[in-house]
Each structure stands twice: as C-alpha cells, then as structure tokens.
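Quick mapping for you: the protein sequence lines, in order, are chains D and X. Residue 0 is where the first sequence starts when you use numbering that gives the first Met the number 0, and the numbers rise one by one after that. Residue 0 is where the second sequence starts when you use numbering that gives the first Met the number 0, and the numbers rise one by one after that.
Check each hint, because a few of them may be wrong.
[Unchecked claim] Negatives, chain X to chain D, calculated, CB over 12 Å:
hint, residue
1, SER25
2, LYS62
3, ILE139
[As the list claims (entries may be wrong)] Beta-carbon label-pair distances, calculated as ranges:
hint, chain 1, residue 1, chain 2, residue 2, range
4, X, ASP64, D, TYR232, 45 to 53 Å
5, D, PHE208, X, ASP64, 57 to 65 Å
6, X, ASP64, D, GLN69, 43 to 51 Å
7, D, GLU230, X, ILE236, 33 to 41 Å
8, X, HIS47, D, PHE208, 31 to 39 Å
9, X, ARG205, D, GLU65, 26 to 34 Å
10, X, GLU275, D, GLU53, 16 to 24 Å
11, X, ILE236, D, TYR61, 22 to 30 Å
12, D, TRP55, X, GLU109, 29 to 37 Å
13, D, GLU111, X, MET260, 45 to 53 Å
14, X, ARG239, D, GLU223, 22 to 30 Å
15, X, LYS153, D, GLU230, 34 to 42 Å
16, D, GLU75, X, SER198, 23 to 31 Å
[Claimed, not checked] On the chain D side, residues computed to face chain X include the following (Cβ under 10 Å):
hint, residue
17, GLN50
18, TYR61
19, ASP182
20, LEU183
21, ASN222
Since the hints were derived computationally from the structure, they do not count as laboratory data. A virtual CB, placed ideally from N, CA and C, is assigned to each residue, including glycine.
One letter stands for each residue in the lines below.
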Amino acid sequence: MKEVVVLSGKGGTGKTSIVASFAAIAKKKVLADCDVDAADLYLLLQPQVKQEHEFWSGQTAYIDSEKCNQCGLCEEICRFGAIENYLVVPISCEGCGFCSQVCPVDAIAMHENMSGHWFISETHYGPLVHARLGVAQENSGKLVALVRQNAKHIAEEGNLGYIIVDGPPGIGCAVISSLSGADLALLVTEPTLSGMHDLDRIIELCRHFGIPALVCINKYDINEENSRQIESYCAKQKAEVVSRIPFDNVVTEALVNGLPVVEFSDGRVSREIENLWQSVSLALGV
Amino acid sequence: MILSVASGKGGTGKTLIATSLAFALSEKNKVQLLDCDVEEPNADIFIHSHITQSYPVFIPIPKVDETKCTYCGKCAEVCAYNAIAVVNKKVLIFPELCHGCGACSYLCPESAITEEGQEIGVVEKGNSGNIELIQGRLTIGQLMAPPIIREVKKHIDSRNEVIIDVSPGTSCPVVEAIKGSDFCLLVTEPTPFGLNDLSLAVEVVRELGIPCGVVINRAGVGDGKIEPYCSEQRLPILLRIPLDRKIATLYSKGVPLIEGMPEWRNAFFKLFQDIEEIVSVNQAAK
C-alpha cells in the first residue's frame, strides 16, 4: 500500500480538483481529506457518511467565580493572554493548564474540548475519510493524523493499493502532519510569483522530511515564462515537473456541477490529469 | 483602523486585495501592512519593500539541569502537550510539541528547569513609500505559527491604517491573525468551494464578534450562489472583481492590481469608505 499526499504551499492552486479526478481514475484506493479546516473534497465526491465520530482534543480553562479570590496569579503567569479580569478568554486559551496548577484556591478547572468531527464515508469511487474541525479550534494536526490513521486502516483491511491524500495549504502543523511518513508528495503549483515562492518552501519541507516530490504546474499557460522558470528551478531541486495543465474554465464548470473534471469532460485538462496519475502511480511503484 | 483580510479557502485573492488596498490608502495615510500568513508570506512580492530589519522569534523550551533533577516526574505530569517524558532516570524533551507555557519550569520542585529560546521563525520589517511592511516567516519544519503572528502584531501602531493579510483556513493561526481587528474582509470566489469555505470563515469571524463584509473575486465564473448566501446572512458585498485574464497575468508577475490597472483605484477608495462607515455605525451601536 502506497500513500501520496497532494500539497501546494499556496492555497487555491487546484489540489482538490486534481485529487477528485484521481479518485475517479485510480483503482483500489482510499481517499483522505486532510484539509480539515476547510474540507472541500466531499463537494465533488458526494459521500454517504457511514460513521461519524466526535473529535475530543485539548482543554480550556474555566474559572469558578465563587471560589476565585481574585489574587491575579493566573493572569500573571499565563503566557497566552488568555485571562482578563479573572475570567478566561476561551479563544486565546491554549489549554496548558498552568493556571489551574498554580491557583491557590483551586478555582480553575480544565474542561475537555469537543474540537470537531471525523467521518468514514462511502463514495462512488471508494471509501473517503474526512473531517471537520470545529470553528476556531486548535489541534488540526492531531485531527489530520487521525484521518490518515483511519485511511491506512481501511486500505489495509480492504487490501487497497493506494491512499490518496488531499492536503492543506501552508507548511505548518497540519501540513507536516499530512506529510510525515508518506511515500510521495505531489506538489501542485501555478506560474505566479506567489505560487513559485510557496513552491520553494514546500519543496524544502519535503526535503526536510525526506519525502520525494513530483511537481504539477496548473494553469501553466497563464504565464509561460514563469512556467519555464519553475521547470528549470525544479530540475535543480530534483523535483521533477511531470505535468502541465492548461487553464480552462471546464475545471470550474465541473466544480459547479459537483463532478471531478475527468468525469465531466474528456478535453485536454482531463487527458493531462490522466497522464499525471500515470506518472504518480509509476513513481509509487505499485 | 485595523482591517484583516481573510478567506477560508486559499487562492481567492486575499493578498491581491490587501496589497492594492494598502497602496490606495498609502496615497493619503501611513499604512502598516502585516503579512500574518507566516507559513507562506507573499505580500512583499507586490510591495517590494526594502527589508531593513529582521529578528528571530523564539519560543521558550525547557532545559533540565540533571544535577538538580530527582526524576520525580512532576514536569511530565503538568505538561499538557506531552512535550516532556521522564523514563529510567532520563528526562526527554520534544521541543516541537512544546507550546512554551512555562508550567514545567515554574512547578519543578527542585528548580531544575530553566528555559532557553528555540528559534521558530523571523519577523522582518521594511518600507515602501508610505507603507510599512511587517512580515512573519515560519522556519521550515516548525509547527507553530501563532507565536510568530503574535510577534508581528506587536508592531501595530493604531495611529496608522493597519491591514492584516491572513492565512487560509479557519484554525488557530487564522484566529490569532484576525482577533483584535475592527473589521474583517472575506475574499471569496463564486464556486461551491468558495461558498463552503466562506461560510466557515464567517462562523469564525462571528465567533470573534468582528463585523465583516465580502469581496467576490473572479465574479462571472461559477455559480450564482454566493450572493443569495450573503443576503441571507446579511453580509454586505463590498467589491466584485471579474475574472479577467489581464488581472491574472498582473498577479502572476507580482504587479499590484491598482498599479497595473489604475482604473481600479477608485474602487479601492470606495471599498475603504464603505468599511469605515460600517465600523463607525457598529461602534455607535456599541
């Protein structure tokens, strides 16, 4: 069983559209949506939820005003600015519990947080593990790890060859949690200076964790000069550019129709994504 | 006024809006542009500031003096993040899990724990005309963006117009960047992904009690579902930018919209006027 994670650094480069198309092309796979902040893959795969689980993670301090003698020690020691006027500001609390440890009158309790939900679903194209982090919650990295763990379990049970992971934007906590231990990263970029800057950082992150990377330039014809620069840059970085997808409104039309683009059209975008999957599965060596 | 520009979904045009707004306002005022997308900071690609100051951001990580340590295990017990383990007369520290709350060093009965700074990124400052750019940059391989965002925001001088470019998503880095703003501008695109992620972002901003409005980028593509959603939610649509290849090309080259297409200047003045009006009505209501 091999796992490919689709990342980009910069958001909005086309990760989810590509993963949804892979879902339609690849045989024997499980899909995992690790963009738990803003999960969109379900919009194209129309899942039927089979299992729904609560995600409990982290804590928030709570001050019992009856017991509190307003000594102010908690406010003084809290490094997150989460206590004001002898009350906890839940959105700033990182759940370290320092305040509840030091409170001389035992007025501070730590309450568990229900931080979101995760799901195991069935789609037209196979099983999907996805999640929804609660609004303004922490610990997205842990929820990502949970989604991947379950996807792996399903792949092992069903003897499925691939785990295809739709990753989050950025290079921080949730991305590292999506990437660590994967077999391959597919980096989707676009020929804009922002896309190129962010590609540079995500390539470096892959190298940091020793994960081989392939690159796909989406909308390559928006700026062909930049696309050429990306290719020569990637050649030096040993991250091969395996695909150039042209800009075409058909991607948005497919999205509006709730379909992976390869199911919606057999035009040049679809053909290019089919070739891209060939390159990915070849690199995975399944 | 402190104005944050967020979106939920990546790649909708946050940086495009934030930088053009900064240039428009800088014609008359001093502007601070804070790039709080510290995982992938891109605003300076458009601002071309001369970075004149750069300093590292540290979080305090525990360091154990083994000559004083009795291996009582108190530090491991109080750490909410499992960043310390005591096994077989050895204290193991996992810096990447540490939030730097300070509980372990404060509560160690032998005073055997001190803290030393671990660098997790940098803050950089530069100027371009009337714009002061302050950007954070997370070191590759580090997990925690919020401490860097907090450091960037320490530079806010509320005598200026302050614009905050926020990262995509809805979790802790987004909350850290938005909180304390007088207004939050949410940039979306008229697709099912755009709508889904806009609705998540609206929940976050409402949780924080900050007034918000919407910018629809790439108007004209996709479906027509954003506008009914906005009117249902009583969200003002403050600006529409059409899908235009010329705008996309300018963006790809790092040219700010109002520099490449000055006919957009008035739209940005108007946008800011409308925001000021909403904020003053809101403050009067309070």
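Status of the hints after comparison with the structure:
no.: 1; hint: SER25; result: 21 Å, holds
no.: 2; hint: LYS62; result: 17 Å, holds
no.: 3; hint: ILE139; result: 5 Å, violated
no.: 4; hint: ASP64/X with TYR232/D: 45 to 53 Å; result: 47 Å, holds
no.: 5; hint: PHE208/D with ASP64/X: 57 to 65 Å; result: 32 Å, violated
no.: 6; hint: ASP64/X with GLN69/D: 43 to 51 Å; result: 35 Å, violated
no.: 7; hint: GLU230/D with ILE236/X: 33 to 41 Å; result: 39 Å, holds
no.: 8; hint: HIS47/X with PHE208/D: 31 to 39 Å; result: 33 Å, holds
no.: 9; hint: ARG205/X with GLU65/D: 26 to 34 Å; result: 31 Å, holds
no.: 10; hint: GLU275/X with GLU53/D: 16 to 24 Å; result: 42 Å, violated
no.: 11; hint: ILE236/X with TYR61/D: 22 to 30 Å; result: 39 Å, violated
no.: 12; hint: TRP55/D with GLU109/X: 29 to 37 Å; result: 34 Å, holds
no.: 13; hint: GLU111/D with MET260/X: 45 to 53 Å; result: 52 Å, holds
no.: 14; hint: ARG239/X with GLU223/D: 22 to 30 Å; result: 29 Å, holds
no.: 15; hint: LYS153/X with GLU230/D: 34 to 42 Å; result: 41 Å, holds
no.: 16; hint: GLU75/D with SER198/X: 23 to 31 Å; result: 39 Å, violated
no.: 17; hint: GLN50; result: 22 Å, violated
no.: 18; hint: TYR61; result: 15 Å, violated
no.: 19; hint: ASP182; result: 19 Å, violated
no.: 20; hint: LEU183; result: 19 Å, violated
no.: 21; hint: ASN222; result: 4 Å, holds
Consistency note: the structure conflicts with the earlier hints numbered 3, 5, 6, 10, 11, 16, 17, 18, 19, 20.
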